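There are 2 protein chains.
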Amino acid sequence: MEFSDRYFAKHMEPISGSAIRDIFKLLGKPGMISFAGGNPSNAALEPEVIAPLAQEVISSIGAPILQYGATEGFIPLRASTHKYLLDSGVPCQESEILPTSGSTQGMDLLLKALIDPGDVVLVEDPTFLGALQTIKTYHAKIVAVPSDENGILPDELEKAMKEYKPKLAYIIPTFQNPTGTTLSIERRKRVAYLAAKYGVLVAEDDPYHDLRYEGETLPTIKSFDEEGWVIYLASFSKIISPGMRVGAMVVSFPSLMRKCVIGKQSSDLHTPLITQAIVDAYLRKGLLPEHVKRILVGYKEQLNAMLEGFRAFPEGTKLTKPQGGLFVWAELPQRVNTTLLLEKAVNKGVAYVPGTHFYAEGGHHNTIRLNFSNSPVDKIYEGMDKLAQVINESMK
Amino acid sequence: MEFSDRYFAKHMEPISGSAIRDIFKLLGKPGMISFAGGNPSNAALEPEVIAPLAQEVISSIGAPILQYGATEGFIPLRASTHKYLLDSGVPCQESEILPTSGSTQGMDLLLKALIDPGDVVLVEDPTFLGALQTIKTYHAKIVAVPSDENGILPDELEKAMKEYKPKLAYIIPTFQNPTGTTLSIERRKRVAYLAAKYGVLVAEDDPYHDLRYEGETLPTIKSFDEEGWVIYLASFSKIISPGMRVGAMVVSFPSLMRKCVIGKQSSDLHTPLITQAIVDAYLRKGLLPEHVKRILVGYKEQLNAMLEGFRAFPEGTKLTKPQGGLFVWAELPQRVNTTLLLEKAVNKGVAYVPGTHFYAEGGHHNTIRLNFSNSPVDKIYEGMDKLAQVINESMK
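First to last, the sequence lines map onto chains A and B. Each residue of the first sequence is one higher than the one before, starting from 14 at the first, in the working numbering. Each residue of the second sequence is one higher than the one before, starting from 14 at the first, in the working numbering.
Note that these hints are calculated values from the structure, not bench results. Possibly wrong hints are sitting among the right ones.
Pairwise CB distance ranges (calculated) [stated by the list, open to error]:
id: 1; chain 1: B; residue 1: Gly375; chain 2: A; residue 2: Glu26; range: 33 to 43 Å
id: 2; chain 1: B; residue 1: Asn55; chain 2: A; residue 2: Lys306; range: 38 to 48 Å
id: 3; chain 1: B; residue 1: Lys172; chain 2: A; residue 2: Pro104; range: 51 to 61 Å
id: 4; chain 1: B; residue 1: Asn55; chain 2: A; residue 2: Phe323; range: 50 to 60 Å
id: 5; chain 1: B; residue 1: Gly75; chain 2: A; residue 2: Arg324; range: 31 to 41 Å
Counterexamples of contact, computed for chain B against chain A with all Cβ distances above 12 Å [said to hold, decoys possible]:
id: 6; residue: Pro167
id: 7; residue: Glu356
id: 8; residue: Val390
As the structure is a computational prediction, the values presented were derived from the model and not from experiment. By construction, the Cβ of each residue, glycine as well, lies at the ideal position given by its N, Cα and C atoms.
Sequences and hints are given; from them, build the entire structure.
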């Protein structure tokens, strides 16, 4: 017999994932300035703090930290995450918290619990390409809801809820990926209200919550959720370490929590105890607030450098000016095609993600997502100048 | 609106998972002797070795170990796992290896890549209950193939391959869970041959491979696989640490490997770098062979104690005498119902898993799986005596 593509599950057919993955392979080239990806700055990572913490938790807990753990998570981490969430304006009980292997897994478990092929999931337009891919693996129908500079448009959201009877809406309310925009407080209230009114679960993905460089912190959508329709996805990737893959989901409906736990049990049984215990120790020692304060200083400088770097871009370029997060989003003149220009840019030593990958329906080839957290200020200027050259040349 | 079970995906309906989970909750009671679970002995875990290793890998690698990693795995771990696999009689290229978050995830990724609702998956009868649960989450049709004391029956396997045209067969060839039996060498060859003949992928789950207390190591099914139909699932859970959740899958068809990588990308993005690096350092320093030699001594004593403990069991009890692994399986007289007796046993201070949970179709209430690795010898005698009492009383 011959092995062929006919063996593959239908739900895996629409997933290529290749464009971005191919870019990522080029990023190892020496001297490459990468505005692609969403990596924290290496300077924002603390191996010198984490190394002794790792040794400490393993030595003090002993053999049980190397044994099987509960799918429901390492109990001390649930407690310290609970405190973190209350401080972050996420009202919840400890029993509503499930530690996950990154918030990617939170979304995956939610989809696994809910989605039959053909079910509708609403997303912002544009939205995080990783979430689009995860949704596609469940063969869901993705419906994109228009957004503006204050996030998803509630009237459009309501229209889509009425028309498509979705099970789930996926929203990144704060410093959205890719646009950097933040959902206004009125809209947050409205989203929570619509969720309950139409019986649509809302996944509130909030990994950039703590990365605010100016303005006031807004209440979470979850804080307006009276019945339990909002699932809050928290991540420690951007504030402690992405490589540890520790996040948490807050699920208020007990029957839904149970399905997520069962789903996790058959996915990876549990998140590794060592990484859970390191994050717990980090939180428990109160290291997070000072660390966040420190990294915000650097990130703000990097953001400003990137915004300044747009000076050489063609006239008519519209860009978001985010108050936080890791990304700047730009709409270039219509005749610029960032998808086509990527190879040229990479050859010149600068990488980015073409905006088209963030749209459920593709298109929008004149848009671009730029990450500033992963490059030092001088490299940001250098990279933006190179990028401006590539773009300007293409317009000649 | 009211949240209700109608929101859940159909594929999650048949999964209760509750019986075992409810047992596991009782295991925390002080003084409980647990023959349930498949935990390694605490004495076989080495926090004193792992703690400094953790510190060492984080300090020496620095910030990159805290950054995002590649879905394809931590490169040094792929290399050290490659050496480990070659030493274990698993011929493969490094590019065929995907580090996973435990071998549970390997099976999950394989199912995700292959299974549409209604597709058939063949399993041994009985088989690992965790695998049954994972297969059910993909809404596959499970067909159980009869086994005897030498493992799955090849003629029955061939019949099932012809009749059901399955995409996948799941087989634990060595010290099977739950029965402890080992597939004979002739049958291993035959399984590999049938896989290629009928074009059925075979998942060879081999977590107990190194835990042999007597007899000769047999070649893996994968070693007879000339075309690539066998996917080998390796685990470090039983020989280094289950709580670290590090395993690996060997996938020879490149297109299938790609689907598994894409599936992993949307499940947890990558296995944590810290745990991958710890396992890599452990292998690289050559600590495994000595460690395995040491734990085998203890496990063999525990196995013998458990076999001896059957002396007080009712006449007519048939038990397997495994040459390795972590479990003894017994068939008790027909009128004994281990499912019903569990509560009584737990109240008396001894726990086990009723055999029915390992059968795709249920039934077989007179069977029982007993784990010996997680209890010291004196507790094994004590627990077996208690269990014999509960069983004998039930027959009066």
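Now for the hints, and whether the structure bears them out:
no. : hint                             : in the structure
1   : B/Gly375 to A/Glu26: 33 to 43 Å  : holds (35 Å)
2   : B/Asn55 to A/Lys306: 38 to 48 Å  : holds (41 Å)
3   : B/Lys172 to A/Pro104: 51 to 61 Å : holds (58 Å)
4   : B/Asn55 to A/Phe323: 50 to 60 Å  : holds (59 Å)
5   : B/Gly75 to A/Arg324: 31 to 41 Å  : holds (35 Å)
6   : Pro167                           : holds (17 Å)
7   : Glu356                           : holds (21 Å)
8   : Val390                           : holds (18 Å)
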